[in-house]
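Trainee: Chains as they are written, first to last, in the working numbering: chain A, 3 to 186; chain B, 112 to 260.
I should point out that these hints are in silico values taken from the structure, not numbers from a laboratory.
Here a beta-carbon is modelled for each residue, glycine too, at the ideal position from N, C-alpha and C.
Any given hint could be a false lead.
What the hints assert, rightly or not - If you want the footprint, here are the derived chain B segments under chain A, 3+ residues with CB under 8 Å:
| hint | stretch |
| --- | --- |
| 1 | 125 to 132 |
| 2 | 205 to 218 |
Stated by the list, open to error - Result set (DSS-like, lysine-lysine): computed pairs, CA atoms no more than 27 Å apart in a straight line:
| hint | chain 1 | residue 1 | chain 2 | residue 2 |
| --- | --- | --- | --- | --- |
| 3 | B | 166 | A | 141 |
| 4 | A | 74 | B | 166 |
| 5 | B | 232 | B | 166 |
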Amino acid sequence: MSALELAQWIQSTGWASYLRMSAYIYPSVLASHLTGIALFAGAVLVTDLRLLGVAMRNQPVADVVNQLRWPKRIGFLIVATCGFLLASSKAEEYYYNTFFRIKLTLLVLVAVHALVFRGSVYNNAAALDQARRIPGKAKLAAALSLLLWISIACVGRGIGYIEPPLDKLHAELRDVAATAGTPK
Amino acid sequence: MLIAFENPLNESALAFPILECFHILGFALTLGTIALVDFRLLGFGLRQNAADLSKALAPWTLIGLITVLLSGPMLFSSDPDMYYLNLSFQIKMVLLVLALVFHYTIRRKLLRGELSPGLNKPVACISLLLWTSIIFAGIFIAFVVTPET
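Go ahead and model the full structure; you've got the sequences and the hints to work with.
Mentor: This is the structure in structure tokens:
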């Protein structure tokens, strides 16, 4: 099964079709996606600003990093669940969307970031408190994390600005794409 | 009345989306930092004293608020008639005023210890609800039908 066929299959499932056709559920999921972004961003931002030595300097790095793990996880769960639902409802259209592809690539880079820095920085926060100054590697991890997430938010907004390629979409979905947002 | 087609923002196709990115990052900063304090009041997440935590995060909340309050009116100016008549926009503005007043009066008093700690959880819930509802109203601006201008 090619990626395009997978996208077409996901889009044809009942719940993806339902979401695409709904007048109020789709924007509600979108708003939840953005609420999740804010909750996730708060936890990521404060973690990274602490690592950079910019905010919460009177608190141990280990406390900030560890106590924000759950808010971060919950925020991410909301963003990812809603994001998956939104993407699946227009999967075939987004298959052709350049910003969507860039966003997926950036999300892969987030995974790479975790592989590179998790052990030495985020899971090693107690040792960072022992060091006289926060090591450069931890600051690099924080800066890259901020850069990645800010880019992902901006690229995500860009997805909505690319017109669906109506000539390439499945015939039965063309009408839907053409009337997207119109109540059924 | 503002005339949208004379607005320099409408000269560029990129101006609106770029402003929107600032608007999104700004409210993420605002709600994100406010939520961390509300979570603290609810007994979740950071365990630092709520008053100190609020003091440490207040400048970041303010930076977020300034960003949304600068980018918001600029977005509005691109098509003022549409926004003015849009029900979701009207609701959003009412909620925004309520949230700001609540944030800088009741919630601030609570965090200064001037109110009963029994109010911690209700205040945190109202704060989260108000700011979240602003996001919902903001998104629905694009999904409700605006009367013809």
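Trainee: Are the hints correct? Go through all of them and say.
Mentor: Taking the hints in turn, this is what the structure says about them:
1. 125 to 132: With 3 residues closer than 8 Å to chain A, the stretch 125 to 132 of chain B meets the three-residue bar; holds.
2. 205 to 218: Since 0 is below three, the answer is violated.
3. 166/B to 141/A: This hinted pair holds, its Cα atoms lying about 24 Å apart.
4. 74/A to 166/B: Between residue 74/A and residue 166/B the Cα gap is close to 21 Å, so the pair holds against 27 Å.
5. 232/B to 166/B: holds (19 Å)
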